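First to last, the protein sequences are chains A and B.
The letter at position 150 of the first sequence is residue 149 when you use numbering that gives the first Met the number 0, and the numbering goes up by one with no holes.
The letter at position 328 of the second sequence is residue 327 when you use numbering that gives the first Met the number 0, and the numbering goes up by one with no holes.
Among the hints, a few may not be true.
Derived DMTMM-like pairs (lysine to aspartate or glutamate); straight-line CA-CA distance at most 20 Å [as the list claims (entries may be wrong)]:
(1) K80/B - E102/A
(2) K155/B - E145/A
(3) K73/B - D83/A
(4) K70/B - D30/A
(5) K73/B - E28/A
(6) K155/B - E102/A
Label pairs and their calculated CB-CB ranges [claimed, not checked]:
(7) G148/A - N263/B: 47 to 53 Å
(8) E42/A - A353/B: 50 to 56 Å
(9) T1/A - D251/B: 47 to 53 Å
(10) E243/B - G148/A: 26 to 32 Å
If you're looking for bench data, these hints aren't it; they were derived computationally from the structure.
Computed from a predicted structure; not experimentally measured.
Beta carbons: idealized from backbone N, C-alpha and C, even for Gly.
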Amino acid sequence: MTGKAHCYKRDHINTDEIIPARYLNMDREADLAQHAMEDIDPEFVKKINQGDFIIAGEDFGCGSSREHAVWALRGAGVRAVIADTFARIFYRNCVNNGFLAIECPGISQQVDSGDELEIDIEKGIIKNRTKGDQYTFQPITGFAREVIGAGGLLNYIAGKVV
Amino acid sequence: MGATITEKILAAHCGRTQVNPGELINAEIDVIMCHDVTTTPAIDMLTDRGLSRVAHPERVVVIPDHFVPNKDIKSAEMVAKIRRWAKEQGIDKFYELGRHGVCHALLPEQGYVRPGITIVCGDSHTCTHGALGAFSTGIGSTDLAATLATGKLWFKVPETILFRLNGKLGKGVYAKDVILEIIRQIGVDGALYKAMEFTGELIDELSVEARMTICNMAIEAGGKSGIINPDQKTINYVEAHTAEPFKIFKSDSDAEYCRIVEINVTDLEPLVAFPHLPSNGKPVWQVGEIPVDQAYIGSCTNGRIEDLRVAAEILKNRQVAKNTRMIVVPATTNIWKQANQEGLLDIFMAAGAAVSTPTCGACLGGHMGILAAGERCISSTNRNFIGRMGSPQSEVYLASPATVAASAVAGKIADPRNYM
Ligand code: SF4
């Protein structure tokens, strides 16, 4: 998959910034998407194109457990978040939604906004077409992989329960 | 080799005698708590997939708290939907307005938290309940839906960091200052994915409520859970709130920890966490002149009766400063009643503070105390992220209820020790 990078080179970007609590009286992806990243970058929704990537520092998604953060990003068109590290509940929510969260330590220092990235999930390789660089990450395996493959946790258990 | 309390509880909930950190397990969940914000999406997900039957309605406790009393039409619809759903599913533990409270304060108060059980809720501060020796962790809506449908949830068994807290708290220093100090030392991701186990002579000394304040903020260090080995105080508390039986698990003396952090609290001073991270703690006497527009006491961190008593002690026969407004939100209906009986609410109102019915409200910038751009709030809550209590241009400073009360009187961030 290929797309453009949108970099937020900060650590601890929290779920209040990804989707502020004032919008938590809604839960439709399309509604939430209008306000994705609003408090960190009011222009975000205008900039992002379907299939683009967010690049961030450490502990992305810390704070509240609101899954609305994942839905807002996905609704806005984000294909994957690539961060140095992720906060636990956010990462879990990504897996549970079949949404790609790629942990790639150091990535925030190497990529700039606008860079064209190509990601090979199987091999764990990110190619930076703009800079001609290449970065590697631990491919997602095991249970998380199965859940993502099923399109999320509920599809996964629905396959087993029903 | 021994095991930690967390490993023992998780093992007992997946039919094993032992589990090891890093292992993936599917654990039986004893209590599933649902609040207004994260539950409605879970209900839709289940309905969409034909999984609409809750596996164990008797394990579910529903507590709308974030936007109650309903903030607007959308929130009203959310709560209406959960109320309907609870009826359909035969869930009788529904806490209607008037018997309500902030979920993490209400759950233990109503006797649902017992040592040795597993608890999940679609809320990050679910780690609070580890204070009573339970494994309790925050999850998202999909996890919640899965747990409702199956009664079980997948976990990676966490490694545990042991925090050994020794020494005695000085005057004006509270559990809140201790947890702010811990987060200051290890950082907001210092315990990422880990269980945080608290022990030592300070913990022995602290009340069960104060222990809840500490476990409540485990998530602010990235922790999966906070936990404290049960002792006689725990047992007394639990027995006073429920007749249900429980089993006590404790960490073995030779349990393995991935890290041990020793802190002596004797010289600890009241702390204030500066915007925009809970780890930005500074001793209160070093903060300089910081006028505050709002002082807020409430939330699952510090909205319990002990917190209100401490604040009232400072506000008694004093006035909230002219250019400051103060809001006090007892965390549950029972706490409200108790505070009323003890005359605490009168003290707050005589001082010029507004007292409201329990709600999460302003804590998450929902309603009933939102900050305008450029405004500053000193708050007994747990998060001071950008925009947490309102405008992205506002600021939140975290502190103990004593420091908040002193600051309300001074109109600027103030040392509670000068008011005691
Ligand atoms: S009081 Fe604040 S932190 Fe606690 S559950 Fe409510 S919104 Fe969350």
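Checked hints:
no.: 1; hint: K80/B - E102/A; verdict: 37 Å, violated
no.: 2; hint: K155/B - E145/A; verdict: 15 Å, holds
no.: 3; hint: K73/B - D83/A; verdict: 36 Å, violated
no.: 4; hint: K70/B - D30/A; verdict: 18 Å, holds
no.: 5; hint: K73/B - E28/A; verdict: 15 Å, holds
no.: 6; hint: K155/B - E102/A; verdict: 17 Å, holds
no.: 7; hint: G148/A - N263/B: 47 to 53 Å; verdict: 50 Å, holds
no.: 8; hint: E42/A - A353/B: 50 to 56 Å; verdict: 37 Å, violated
no.: 9; hint: T1/A - D251/B: 47 to 53 Å; verdict: 52 Å, holds
no.: 10; hint: E243/B - G148/A: 26 to 32 Å; verdict: 40 Å, violated
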